[in-house]
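K.L.:
Residue-level listing of the chains:
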Amino acid sequence: MSRYRLIKDRISGNLFLVFTHLSILTVVLIGAGLYGKSVPILKQSSFFHLLFSSEWKPFKNQFGFLTYIVGSLIVTGLAIVIALPLSLLTAIFISEYMPRNLKRLLIPFIDLLSGIPPVVYGVWGVLTIVPFIQDKLAPHFVEFSSGYSALAGGVVLAVMIFPLIISILLEVFNTVPQELRDASFSLGANQWETVSHVVLKKSVPGILAATVLAVSRALGETIAVLMVCGNQALMPHSILDPVYPLPALIANNYGDMLSIPMYDSALMLSALILFVIIFLFNGISRIVLYRLERRSYA
Amino acid sequence: MVLATTIIVGSLVMILWTITVRGIRSLNWDMVSKVPEGGFYIGKGGGLLNAIIGSVYITMGATLLGLLISIPVVLYINIYARKDSWLATVARFTFDVSFGIPSIVYGAFGFTIMVYFGLRASLLAGIITVTLVIIPILARAMDEVIRRTPGELSDATYSLGATRWETSKVFLRQSLPGIMTAILLSSGRAIGDAASVLFTAGYTDSIPASLGQPAATLPLAIFFQLSSPIQEVQDRAYAAALILTVIVLIISLGSKYFSKKLSKNKI
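Heads up: the sequence lines are chains H and X, in that order.
For the first sequence, our numbering assigns the number 1 to the initial residue and increments by one for each residue that follows.
For the second sequence, our numbering assigns the number 1 to the initial residue and increments by one for each residue that follows.
Note that these hints are calculated values from the structure, not bench results.
Do not rely on the hints blindly, as some may be mistaken.
Stated by the list, open to error - Computed footprint of chain H on chain X, listed as stretches where at least three residues anywhere in the stretch have a Cβ under 8 Å from a Cβ of chain H: (1) 52-60; (2) 144-156; (3) 195-203.
Stated by the list, open to error - Quick list of the computed label-pair ranges, beta carbon to beta carbon: (4) H:P131 x X:D30: 27 to 35 Å; (5) X:K169 x H:K103: 22 to 30 Å; (6) X:E144 x H:R5: 26 to 34 Å; (7) X:V246 x H:L15: 56 to 64 Å; (8) H:H197 x X:T89: 46 to 54 Å.
To be verified - DSS-like, lysine-lysine: derived pairs with alpha carbons at most 30 Å apart: (9) X:K169 x X:K261; (10) H:K57 x H:K43; (11) X:K169 x X:K256; (12) X:K261 x H:K103; (13) X:K83 x X:K261; (14) H:K201 x H:K103; (15) X:K256 x H:K8; (16) X:K169 x X:K83; (17) X:K260 x H:K103; (18) H:K43 x H:K60; (19) X:K260 x X:K83; (20) X:K256 x H:K103; (21) H:K103 x H:K202; (22) H:K8 x X:K169; (23) X:K169 x X:K260.
In this text, all values refer to a predicted model and were calculated from it rather than measured experimentally.
Virtual Cβ for every residue (Gly too), placed ideally from N, Cα, C.
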C-alpha cells in the first residue's frame with residue numbers, strides 16, 4: 001500500500017516536471033518556428049535592407065518593411081504620449097489623494113474595463129473617434145481625411161492601455177513604504193511635495209517598466225488598430241494620414257499569401273520581429289518589477 | 001490630476017455607453033437564436049448563433065486544455081520543486097513574458113504548425129492556439145493563489161505522512177475559488193481574442209459539428225460585419241459587440257465574486 005503511494009508520488013512528480021519543461025519550451029519553439037519560416041527571405045536579401053527599404057512589391061519579390069515599421073512606431077508613440085501622462089496623474093490621484101471608499105469603487109471599475117476585448121475598443125473607435133477626426137478635427141488642418149488615421153489608432157490604443165498602465169503603477173506606488181511618506185510629512189512637506197520628491201522618485205524604475213510594458217502591448221495590438229488605422233501602405237505625412245502597422249499587415253494578408261512563398265516568409269519575419277522586440281521589452285520590465293517587489297518585502 | 005482622472009474614467013464610461021446605446025438599437029432575439037440565413041451578409045435574415053456557439057466551444061476547449069497543462073506546472077513549481085528552485089523562477093518569468101506576447105504572433109505560429117501538420121483551419125486548431133494564449137494567464141493566476149496559501153498547510157500534511165501528490169490535492173482543494181477566478185480571467189481573454197483565431201479557426205455560417213470543421217467566433221463576426229458597406233450588416237456588428245461586452249463583463253464580475261470568496265476564507 002505505502003509503496004503504491006510512493007510510486008504514484010514519483011510518477012506524478014516526473015510527469016509534472018515534463019509539463020513544466022514543455023511549457024517553458026513553448027516560447028523557445030515559437031521563436032524557433034518563426035525564425036525557421038523567415039530564413040528564406042533572409043537568404044534573399046539582407047536584414048537591414050528589409051528593415052529600411054520602403055519598396056513593398058510582393059509580386060516583384062521586394063519586401064521592404066519601412067512603411068509598416070514607421071506606421072507601428074507612429075501609432076504606438078501617439079498612444080504612449082496620450083496615455084502615459086494621463087495614467088500617471090490618475091494613478092497618483094488614486095493612490096495618494098483619493099479617500100479609501102472611492103478607491104474601492106474606482107479600482108475594480110478600471111480592472112473590469114481591462115477585460116473588454118480589443119475588438120470592442122475598435123468598434124468604439126469606428127463609432128466615435130473616426131467620425132470626430134473626419135468631421136471636427138481634420139478640416140482645420142488638412143483638406144481631406146477619412147478619419148481612419150494614425151491619430152485614431154493612437155487614441156484607441158491609448159484608451160486600451162489606460163487600465164494596464166494604471167494597475168501596474170498602482171502596484172508600484174504600493175511598494176513605496178508608508179514610513180517614507182510619513183517621514184516626509186513630518187518634515188513639513190505637503191502632499192504634492194511628498195508625491196513628487198518621495199513617491200515618484202522611489203518609483204522611477206517601476207514607471208519605466210510600466211511604460212515599456214505598455215509600449216509592447218501597443219506594438220502588438222492587432223484588431224483594434226486594424227479597424228481604425230486605414231491600412232494604406234503609404235509613407236504618412238501627418239498623423240491624420242492613414243498608416244499600416246505591422247500586426248495589421250500580418251492579419252490582413254495571411255489568408256492569400258500562401259501562393260507566393262517569399263510573401264509567407266516575409267510575413268513570418270515581421271511576426272518574428274514583433275516577437276523578439278516584445279520578448280525583450282517584457283523581459284526587461286519584468287525583471288525591474290521583480291526587483292521592486294523584492295524590495296518591498298525586504 | 002482630477003482632470004486626468006475624469007478624462008480616463010470618462011472615456012471608459014463612454015465606451016460602455018456607446019456600445020450599449022448602438023448595440024441595443026439593433027439587438028433582437030433572432031441575433032442570438034438563429035444562424036445566418038441566405039443573403040445574411042447583404043442584410044437579410046438570420047443571427048449570430050454560429051459565432052456565439054463557436055466562441056463558447058473555443059473558450060471551453062481552450063480552458064480545459066489549458067487547465068490540463070497549467071495545473072501540473074503550477075503544482076510542480078509550488079509543491080514538488082524546492083523553494084529556491086531555478087526552474088520555478090524560470091517558469092514564472094517565462095509565463096510573465098509570454099503573457100505580453102501579442103496574440104497575432106501566437107496566431108501566426110499556430111498557422112505555421114497547422115500547415116506543417118497539414119491541418120485546415122478548424123475548431124481544433126483554434127482551440128490549440130487559444131490554449132497557448134491563455135496558459136500564461138491561467139498558470140500565473142493559479143500560481144499567485146497557491147503561493148499565498150500558508151506554508152503551515154504543507155507542514156501539516158507532510159507531518160501526517162502525506163506524499164507530495166496527496167499534499168497537491170489538499171492545496172488544490174484549498175485554492176478552488178482562486179482556480180475559478182483564474183479560469184474566468186482566462187476565458188474572458190479567450191472569448192474576446194480575435195487575432196489568434198483569425199487564421200486558425202476560420203469562419204463559417206454553420207455551427208461546427210466536429211473538431212475538424214471551421215468555427216466562427218464573435219470577435220471575428222464583429223470585425224467582418226463592421227467592414228461591410230451595408231448599414232443593416234454594420235448594425236449587427238454593433239449588436240454583436242454588445243453581446244460580447246455583456247458576456248465578458250459577466251465573466252469578470254464572476255471572477256470578482258470568486259476572488260472575494262477566496263479572501264473571506266483566508267487563514
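K.L.:
Compare the structure with each hint and give your call.
P.N.:
Evaluated hints:
no.	hint	verdict
1	52-60	violated (count 0)
2	144-156	violated (count 0)
3	195-203	holds (count 3)
4	H:P131 x X:D30: 27 to 35 Å	holds (28 Å)
5	X:K169 x H:K103: 22 to 30 Å	violated (38 Å)
6	X:E144 x H:R5: 26 to 34 Å	holds (30 Å)
7	X:V246 x H:L15: 56 to 64 Å	violated (40 Å)
8	H:H197 x X:T89: 46 to 54 Å	violated (35 Å)
9	X:K169 x X:K261	holds (20 Å)
10	H:K57 x H:K43	holds (18 Å)
11	X:K169 x X:K256	holds (24 Å)
12	X:K261 x H:K103	holds (20 Å)
13	X:K83 x X:K261	holds (28 Å)
14	H:K201 x H:K103	holds (23 Å)
15	X:K256 x H:K8	violated (36 Å)
16	X:K169 x X:K83	holds (19 Å)
17	X:K260 x H:K103	holds (16 Å)
18	H:K43 x H:K60	holds (16 Å)
19	X:K260 x X:K83	holds (28 Å)
20	X:K256 x H:K103	holds (16 Å)
21	H:K103 x H:K202	holds (22 Å)
22	H:K8 x X:K169	holds (13 Å)
23	X:K169 x X:K260	holds (22 Å)
Checked against the numbered hints listed earlier, the structure breaks hints 1, 2, 5, 7, 8 and 15; every other hint is satisfied.
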